[in-house]
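Taking the hints into account, I'd like the entire structure generated from these sequences.
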Amino acid sequence: SEGSSSIKRLLKPTLNASDHLKTMYGSPTYNGRNFKDFQWYQIDNGSGCAKDPYDILSGENPELDSANVTKGGGAVAAFNELQNNLHLDEQDRKAIQNSLLRYCELDT
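Numbering-wise (my numbering), the sequence shown opens with residue -6 and increments by one.
Since the hints were made in silico from the structure, they are not lab data. Hints are supplied without guarantee of correctness; some may be wrong.
Claimed, not checked - Derived lysine-lysine pairs resembling DSSO-like cross-links, with alpha carbons at most 27 Å apart:
id : residue 1 : residue 2
1  : Lys1      : Lys44
2  : Lys87     : Lys44
3  : Lys44     : Lys29
What the hints assert, rightly or not - Now the in silico label distances, taken between C-beta atoms and shown as ranges:
id : residue 1 : residue 2 : range
4  : Asn78     : Asn9      : 35 to 45 Å
5  : Ala10     : Leu79     : 40 to 50 Å
6  : Glu56     : Ser(-1)   : 25 to 35 Å
Note that CB positions come from ideal geometry on N, CA and C, so glycine has one too.
This is the structure we're talking about:
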């Protein structure tokens, strides 16, 4: 488990197994503090199964790795980048901040 013990691994199989969750999260209707009209249940075209919600987050900012927070260690690194990189432009700073907020909302 790469030194980690988490219930995150249960999210994808739970989505695959539950018709109720597929219906509930299968359309772009989720609204939270950091999401608007978001669709959590998405089908992976290759496997025909649910995409891992953390993988959905990982593709949001392909040009900036630190703005693709999908694990706790990445959240620590992204926060460090926000605090210590004085040369970070405002657009990248905002992308990292939004990624952290979205990861934390999903993770809790």
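| Which earlier hints turn out false for this structure, listed by number in ascending order? | Hint check: nothing fails, all pass.
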